[in-house]
Amino acid sequence: MSEMTLSDLGSDLALLLSLLFGLVSLLNLAGPGFLLRLYRRWDYPRGFHYVVGLIQGLTALFLAIPETRIWGGILGAMVLFVAIVSLLNHRKYAYAVPAIFLMLALAPAMV
Numbered sequence: 001m002s003e004m005t006l007s008d009l010g011s012d013l014a015l016l017l018s019l020l021f022g023l024v025s026l027l028n029l030a031g032p033g034f035l036l037r038l039y040r041r042w043d044y045p046r047g048f049h050y051v052v053g054l055i056q057g058l059t060a061l062f063l064a065i066p067e068t069r070i071w072g073g074i075l076g077a078m079v080l081f082v083a084i085v086s087l088l089n090h091r092k093y094a095y096a097v098p099a100i101f102l103m104l105a106l107a108p109a110m111v
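Position one of the sequence shown corresponds to residue 1 (the numbering used here), numbered consecutively onward.
Please keep in mind that the hints were generated in silico from the structure rather than gathered at the bench. Fair warning: there could be bad hints in the mix.
What the hints assert, rightly or not - Simulated restraints on C-beta separations:
1. Phe34 / Leu104: 26 to 34 Å
2. Glu67 / Ala107: 14 to 22 Å
3. Lys92 / Pro66: 30 to 38 Å
4. Val85 / Leu15: 26 to 34 Å
5. Leu9 / Met78: 20 to 28 Å
A virtual CB, placed ideally from N, CA and C, is assigned to each residue, including glycine.
Let the sequences and hints guide you as you build the complete structure.
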């Protein structure tokens, strides 16, 4: 049995984050009613969920490919930063905590 290196751990973490971003991308692109109501309640423009879904999908794709992983990390950090600021702005502090941990997980995933 071989030892897991830091690079292996980073790769596994990048694939996990890619899967998470991919799932959330599909959720946004599907646009279920609860999500559309949330975006509307927070005064985002109609169709904004498509923009978010496409950006999250690109993030997932970039994180999944080792050669573009750094760009996936940068794009993912920007997506999460905007999400965290939006959650804090709407006083959803508890929901911001997991997003902060996801943002922290991006750094080792880019190794």
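Hints, verified against the model:
Between phenylalanine 34 and leucine 104 the CB atoms are about 28 Å apart, so this pair conforms to the stated range of 26 to 34 Å. Between glutamate 67 and alanine 107, the C-beta spacing of about 18 Å keeps the proposed range 14 to 22 Å intact. Between lysine 92 and proline 66 the CB atoms are about 34 Å apart, so this pair conforms to the stated range of 30 to 38 Å. Between valine 85 and leucine 15, the C-beta spacing of about 27 Å keeps the proposed range 26 to 34 Å intact.
Our hint of 20 to 28 Å for leucine 9 and methionine 78 holds, since their Cβ atoms are close to 24 Å apart.
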